[in-house]
Structures are given as structure tokens and as C-alpha cells.
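Participant: One line per chain: the protein sequences are A and B, in this order.
Quick note: the first sequence uses my numbering, first residue 1, plus one each step.
Quick note: the second sequence uses my numbering, first residue 1, plus one each step.
Some hints here could point you the wrong way.
Any copy will do: because identical chains look the same in the list, a pair fits if it lies in one copy or spans two.
[As the list claims (entries may be wrong)] In silico BS3-like links for lysine-lysine, alpha-carbon gap of 25 Å or less:
#: 1; residue 1: LYS117; residue 2: LYS91
#: 2; residue 1: LYS167; residue 2: LYS119
#: 3; residue 1: LYS91; residue 2: LYS167
Calculated directly from the structure, the hints in this document are not laboratory data.
All values derive from a computational prediction rather than experimental measurement.
2 protein chains.
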Amino acid sequence: AILTAIDAQFAAPRLRGLHALVTSGPTHEPIDPVRYIANRSSGAQGTAIAAALHRLGARVTFVTGPATTPPPPGPAVIRVETAAEMHAAVKAALPADIAVFAAAVADWRIANAASSKMKKGAGRPELSLTQNPDILADIAGMTEGRPSLVVGFAAETDDVLANARAKLARKGCDWIVANDVSPATGIMGGAENAVTLVTSDGAEDWPRASKEAVADRLAHRIAEALARDTAR
Amino acid sequence: AILTAIDAQFAAPRLRGLHALVTSGPTHEPIDPVRYIANRSSGAQGTAIAAALHRLGARVTFVTGPATTPPPPGPAVIRVETAAEMHAAVKAALPADIAVFAAAVADWRIANAASSKMKKGAGRPELSLTQNPDILADIAGMTEGRPSLVVGFAAETDDVLANARAKLARKGCDWIVANDVSPATGIMGGAENAVTLVTSDGAEDWPRASKEAVADRLAHRIAEALARDTAR
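Next comes chain A alone, as it looks inside the complex (with noise of 0.2 Å):
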């Protein structure tokens, strides 16, 4: 048993030799120069599937928004703040294997943001918004060059895995990995995940468990898609 077992993690599909691209944390839009709007993922899952991918011998860029969670040894880090800024920094890294889109990117940004601060005198601001680009459909609808795995997320409060699912087909994507955000399940910001994996097979739900063993579980499937591409 333990032979079988040691055989089975030599054997254990690697990912030598790929480049793998993830992105992670929040994205800040700014309103004027001193206020942004945020959203509260600390990078700790992408941290972790960042640092998992490079452990399975992938070459990792990482490109983060301004996270709490410190980025992982190993990755090239890209430090990035708004959509737009990951959005050019994702292109630039291009061409990638694999491409991991865990960042909560921000789906609006301030159309007219102001270069001196608001002044509360000035009576009630109007924010107007506008749609940031869309990383994952943008980079999961390559007609060339397309990364041969391309893994959106979904963080919802309600109806996760219909809006999963809708996202998955409407994105382009290849899987995407599911989590329910409200407050009262602690996940964003937090220590834990649980996540359902959607792919065009059907969908996995995986029991809750430390950000870090979900991201294990995640490279290894990806290793595990890899080599079934890889040997077809």
C-alpha cells in the first residue's frame, strides 16, 4: 500500500514545462483620489491555487489586485489595482496553459472619476458607472492562442449554481469554480471555501475545506485535464 501509494504521487499527472496565469484579489475603482470602491476578497484562494499550480511544477504568473493575503513565493507577481490595469497586465502575460481567473474583479468602474476630492458642500455626487472589460469571456473567447484551460469563478449569494451555470455557458469558459458568498457562510475573507466546480460535464460540489486544500484539489484536476488534452 505504501509502495502503491508513493507510486501513485510519482505518477501523479505534473505541470512542467506550462505557464499558468492567475489572478486574484479585489480590484479597486477609483471615485476621486482619496475614495474607491471595493469588494471584500482578501486573495487568499487565489493565493493558494497560485501557490499549489507552481508546487505542481507549472511557471506562474500572478497577477494581483490590492489583496490582503500576502502573494505566494514562487509566482512572478504582477501588482495591479483596477479591472483595467488586470485586464492589460492578463493580456501582457499572454500566452499561458493555463489561465485562472480567481480576482473578484470589480464589474463597474467610476466613468467620472474626479482628480481633486468631493467636496460634501457640492450637494449629493452622482456616480456614474460604467462596465470594467470582462476578463474571462475576453480571454476564454481567444480565436488564437487561446490558454487550453481557461477557469472563471463565480462568487454569488443566491441561486449559485443557475448562475454558475449561466456564467459558464455565457462566458466561454471552460470550468468554473463556484462559491456562495453571503456573509453568513464567512467564505470571502475568510479561511475556508466551498466551492462546486461546474464544467460542460456536470458539477462537482466539494465538502468545505481550507482555501488551501481546494486549490490543491484544483491543480490537480487541472494536471489531471492537462494530461488527458496532452494524450488524446
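Given the structure of chain A, go ahead and fit chain B onto it with the hints provided.
Facilitator: Coordinates of chain B only, in the frame set by chain A:
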């Protein structure tokens, strides 16, 4: 000269027996369960002020938003997230002899914060803003039980001195500590500060120094002012 210096140190006005209330850090105003409006305050200056007042012997209550700087050892720490929560915590912490409002409190909150995560498909969301309580003006304007010394902060990007003088008059506080938080200064979120102390007697520019040095100078000025009050 050495004896004079020691003498001066022992003769320095102290704050033993007095209660100082210090607010610090940003506030976060929720948009929906995962998104919020924030600002770039690190809490470093407020934390340093609380520590300096504590060193001078005051009993310090430290009301802090979600700051990146850890709170100082010594003071009683009350953690809040929104401006409304900070307002309630400040009122609950009274009476106080000294109130230093160093927090970068959001002027506005979202009137129509969503209880579910906003979806991109639903079109461009309207963020309807409503004014937050004005903690500084509220406490400075107390007719009964007002702290003897109420100090506000003015974080400005333009016309720093003029805006600070106007704020002193408008809020009814005793002093304004004004600083220039234009991104080019590196002050907001940085280690140093260059402030102008605005009082009814005029305005003093203090040289750029570490936030700890600015806090020490402010704490000593507070102690002198209260000693003068007591001696009257």
C-alpha cells in the same frame, strides 16, 4: 542644560486622569454584500495620536474603522465599519475631555444598498448616495457634556488652508489638523505627514515628519492647552 532638559521633561503637562477619544482609519460603506466604498486612510496617523496621548497618561478610547495599521497597545479599542457605527461608538464612549477625530469618515453612504450581490446583467446600477452623520460637527456642537478640546482633521487635495479654516468655522471644533492628501504627496497611506494646525489664533505649518513625530507634537500641544484651561 541637561538638568534644565530633565526639568522640562518632568514639568511637561501630563494628561493623567483625563479621557481622550480618538477616531482613526477609513470607514467602509456597503454597496451590496461583497462591494463597498472605501478610502485610502491607513489609520497610521490616528493610531500614532492615540499612542502619544496614552504615553502622556490619558485614558484613551480608540474607535477605529477597518484600518491596515494595527491599533496601538494600551488604549481600549472599539472596531467599527461604517460611519453610522463610528458615530454610535463615539457617542457611547462619551464623556471625554479630549476628542481627536482623525478617522477619514465617508461623507456618503449608499442609500439603496442591496442585500444580494448586484448582477451585471441587470443593467447599469444606480448608486443613490445619502449623507452620513457628521461626527465632528455633532460632538463639537454639543451644548452639554462637550469635550473640552475637539480636534478635527481636514484631508484636502486643493486649497488646503482655506478649506481647513472654513471647516473649523463650519464644524464648531477647536482645532483642525489639515493635510494635503494629493496622491503626489504620498501622505495618505504613507509614513510621514506634513500638517497645518489651524486654531482660532491662526495657522501653524509643521514641517514634514513621521506620523509618530506629528502625533507627539500634537499630544503635547493638547496637554499644554488643557493645562492652560485648568490654570484659568
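Participant: Now tell me if each hint is right for this structure.
Facilitator: Hints, verified against the model:
Neither within a single protomer nor between protomers do LYS117 and LYS91 lie at most 25 Å apart by alpha-carbon distance, with minima of 32 Å and 28 Å respectively. In this homomeric assembly, LYS167 and LYS119 come within 25 Å of each other (Cα to Cα) only across copies, at 11 Å, whereas the closest approach inside a single copy is 39 Å. Taking identical chains as interchangeable, the C-alpha atoms of LYS91 and LYS167 lie at most 25 Å apart only when both belong to the same chain, with a minimum of 21 Å there against 46 Å between chains.
The structure fails to meet hint 1 from the earlier list, while all remaining hints are met.
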